[in-house]
Amino acid sequence: MGRTTRRVATDVGGTFTDLVCFETDQDTGASRIVTAKSDTTPPDFEKGVLDVLERGGIDPSGVDFLAHGTTVVINALTERKGVKVGLVTTEGFRDTLEIARGNRPDFFNLHYEKPVPFVPRHLRAELPGRMTYTGEERAPLDLSGLPAILDAFRAEGVEAVAISFLHSYADTAHEEAALAEVQRLWPEVSVVSSHQITREWREYERTNTAVLSAYVQPVAARYLRRLDEGLASRGFGGRPYIMQSNCGIDSLDATSRTPITMVESGPASGIWGAAELGRLIGEPNVLALDIGGTTAKCSLIENGEVRIMTDYWIERSRKSAGYPIMVPVVDLVEIGNGGGSIAWVDDFGKLHVGPQSAGALPGPAAYGRGGTEATTTDANLWLGRINRDYFCGGAIQADMAAVESSIRSLGEKLDVGPDQAAEGIIRIANNNMVNALKLVSLNRGFDTRDFTLLAFGGGGAMHAVALGQELQVKKVVVPAAASVFSAWGMMMSDLRRDYFVTHLVELAEGAGNKIESTFAETEAKALATFAEERVGADRITFLRYGKFRYQNQEHTTEVLLPEGAITDASLARIAEDFHKTYEREYTYRLDAPVEMVGIHLVAKAEVGKLEMRPEPSGGSDASDAVKGRRMVDYALEGKHEATIYDGEALRAGMALKGPAIVEDSGATAVIHPGNAVEVDAYRNIHITLEG
Amino acid sequence: MTKANDPITLEIIQNSLQAAADEMFAAMRKTAMSSIIYEVLDMGTGITDAKGRIASSGAGIPAFIGVLDKSVQTLLRKFDKPSDIQPGDVFITNDPYHGGVTHLNDLVLAMPVFAGGDLIAWTANIAHNSDVGGMAPGSLSGEATEIFQEGLRLPCVKLISAGETDDAVMDIITVNSRMPDFLLGDVWAAIASVRIGARRLEDLALKYGVTTFNAAMESFAAFGEATARAELGKLPKGTFELSEEQDDGRVFNVKITISDDEFTVDLRDNPDQDTGPTNTSRDGTVVCAQMVFKSLTDPDTPANDGSFRPLKVLTREGSVFHAREPAAIGFYFETEVRVYDLIWRCLAPHVPERLPAGHFSSICGTFVGGIHPDTGRQYTIIEPQLGGWGAWEGRDGNPCIFSGFHGETYNTPAEISESRNGLFVDRMELNTEPGGEGKFTGGRGLRLEYRIRTNSGFLTAGYTRSRIKPWPLEGGAEGSGNYVEVLKTDGSQEKYSFVSGLPVNTDDVIRIVTASGGGYGDPKERDAARVREDIKNGLLSAERAAVVYGVSI
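These protein sequence lines map, in sequence, to chains A and B. This note's numbering puts the first residue of the first sequence at 24, with every later residue one more than the last. This note's numbering puts the first residue of the second sequence at 16, with every later residue one more than the last.
Simulated from the structure, these hints should not be mistaken for lab results. All clues given are correct.
Derived pair list, reagent style DMTMM-like, types lysine to aspartate or glutamate, alpha-carbon separation capped at 20 Å:
#1 A:Lys-650 with A:Glu-664
#2 A:Lys-373 with B:Asp-313
#3 A:Lys-662 with B:Asp-21
#4 B:Lys-551 with A:Glu-179
Next up, chain A with everything else stripped away, as it sits in the complex (with noise of 0.2 Å):
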């Protein structure tokens, strides 16, 4: 073997620190992989990454890349365990964090609660000055009262300010100057503008981002500064990435300034696998399935382009407004539907899946460590759909006995026996899954049958197929290693940049020019950025896209732009893609002045990503990597004996047929009958629905 290159990925989750390495023969493309597992150390989460190196066997000194994604900032937020926050606003705006938008999305319960604002009234400060939208100065900026501001703020033990003024989108320079003024005033404290994280308008939103960002800051970057210390100190040569919430990685400096980017790092990475396999494979057009243990993740990818938007909520729901983050964070729709969830009957005798999970503990009933409530996982055993003899990858001795207990159970409660309780378990989650990729696909006027279905995670090809045949996608894919997908995403992913700008144009002459001078402006300011971190410009590449409108609308459609300089020349063809893609997805166009109102700009430099081999067939005959045969529950389709392949020894080439299952040690794809299956050249397997 000849020299070999080492890709580390490493997760924090909320239980385990996930390692995944690939070593690539630099000669013969021959990969190997190696995963480890071990326990997630709050509050020092960076001791779990050096655990689980160590666990891995991996040397960092020989580590030629390191990807990390981590939840630590929204564990941060959702747990509460931010610091205390200044707030420093434009007068007359103090209450706009406790204002926010005013919805009541419970409507019928006259006991809802507004989410309470993350900085209490007394320490949210008001300075004069304004500008206006077009980002002119309409009133100076008195700095004069920051100093007695900043003197509250320490005596109340604040560790963090957070700047936000109005339309500072449209001119950054009162923020500036009042940070620049905190700084100088109070060099020890942590501190951010709102502008520093984003130039799109909507006043709570983004007073909002600025002070979750503030909030999670000196705990993110402590811990990024310890995991830089710890690794450095075991020899590791480079600087590790941080997968961000827009599919990207980021340096580490970077994420350090404004680490709310990161706070849907988890899920991103996984989606960003499935754009990358698609390309990879010849399938452009991708709806990605991620189930975990808790809760299922699907997006939708156009063209091998995933869609990044900066419209994002934690802690929203039908019960709830929660509180917007306005950074670019992939497209995505999550839903309580995992493994883990629960199965439960309301009072009126209805049957319901999730949102609650049994989590790690007890876990599912299953793990027989006292959880007695049916879950997902107990019903895709109980059918026989997972190999009760080897739960988990044989880690875990299938506790039936009490799987069998926790069915029956709910069974009674809706006067069925365990089989049918079982499937209406498998039927209602299904349900609850094909809701939610509709969300992100026929409900956008995207129409499935264009789409592979791309299913990964540990529960992903468990409901794949009955999935696809609900939505009648084209066919199903079932990556290779497909529980530790995510972290192979990571791996894959670009050095990555995501801008949104505010500025209102109306598509008239005149107009080419304003939006060129508004891309060449935001393009400096990112290859500067690049710049300092020793990434040359030859190395990055730009992708321009335009937010448009009909004139009086509020709502935006947004359209790649044409590669080149934009001159009055090209509005017409930049309309004419604006009236095509709003009439696809409200199926009419007007004959209505168009307005831009802002731009979003993707900076992209290529770090050494992971280049996967393709592997020649070896024939189709599959008989090899048969296990045994054992009868399956279907659900819908009834009971059926199925062949039982090990995923593991799948090879390129290979062919079989349904009714089957193919289980390695982290997930198990369930081929209904009637579907024909190939195994690629990456042995991803692709499932034909009807064969």
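Given the structure of chain A, go ahead and fit chain B onto it with the hints provided.
Same frame as chain A, but now just chain B:
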């Protein structure tokens, strides 16, 4: 077990009905031309069974959920011949005397859904259109005395016949509007919405069969009814009565009788209908009673026909709550919110664990228009306001959320308002006037200031709960009042609760102030630490803390 009574299949169909109603809502929201639809979300979507009984509804405004079934039932009575209703038809109404329920601005569209030649369901949609003609821009005028002055009346007619648009009707609708482009855009958005819903329902019926589809709707309604009846059983029995003086001096009365199987709201003893536009239709009054009943019995699950079966509403034709044609009805919403609050207030002292103290309880409908100084185009603000909500045992009321009438509705950010409307938003903050004190305090209302940038603008507003303030519970203090002030450049200042077409000019400031909610419990019992926190947060003065709460600093 046959497929039709398999509970899992029924559950899946019910979930899919909910998803279809939500999808109809999303389609309408994204395609609408009027800001009152796409932002304020003054709209609703719903699905009824073949007989017009509500089966499922989308997000939006609770006050619109009970509207659509009444519209469909009216058109079923009108189109009662076998061939009257065909696949591909779309019907339209906006007239409260012909199934429209609210006022002429609200266009209701309904589409029949067929499977195997049988009518199996309806999809329907309601939205506030910016202008449907009438004597005033925006069609709403405080001066109207007859419905004829409030716009074009569409008394349940066919807009699309078997897929063919009736261009004559469409032309009549558009030519009657001052904003024909907007109206046309919004009507097509509504058509797209009912069609999308109909397509989803056809797929469902095809997949599961009509019998199962119908069984699912029936079991859903039975579930709603069972929930309502179970909770009804837990309410105190008897007759409860309340008479309440209004801002304008009239007295409104309600008698509520709760028995084991019925919840009767008697509104017959009320003033005659108004000569102005503040009347409501009987259907509108029923919707208000339904909203309180739903909040009281089952706030958690989506509403359907079964949810309201134990409810009975008695009204007197010719009264303010049951207007007789051709009474004007444009400002029906302030009358509806009054009767809604009246029912709520009547019962709250008897079930304080289910109903909080009174909230600002007004739409606070605010209309500002003029010329945008930067674009030269006309701008019009049509917006409801945020306000304070009442407290309940264990919790202070919510500050600044929409009234009980609005739900998943959003305010307009100052940054967007300044750009779209060409005025300055000088302040948008909590109203810290005294009011709503208690062991648990009422939530704070809003103080919002618009500084006008061009001459010849106008202000129209209609707020109630201005003189008669939000009511407290268990010894708390009443909230403050809703009002609007105009601060002129010459230093003069006028205060209003109802004002129509008031001229405003450059640098005039329109100050909108909404009420705090009512307090709950004796202020003297408030935790002293919370009183000190209120002082620290600038919500209470130290002097007042000493007087009202007996807490000195």
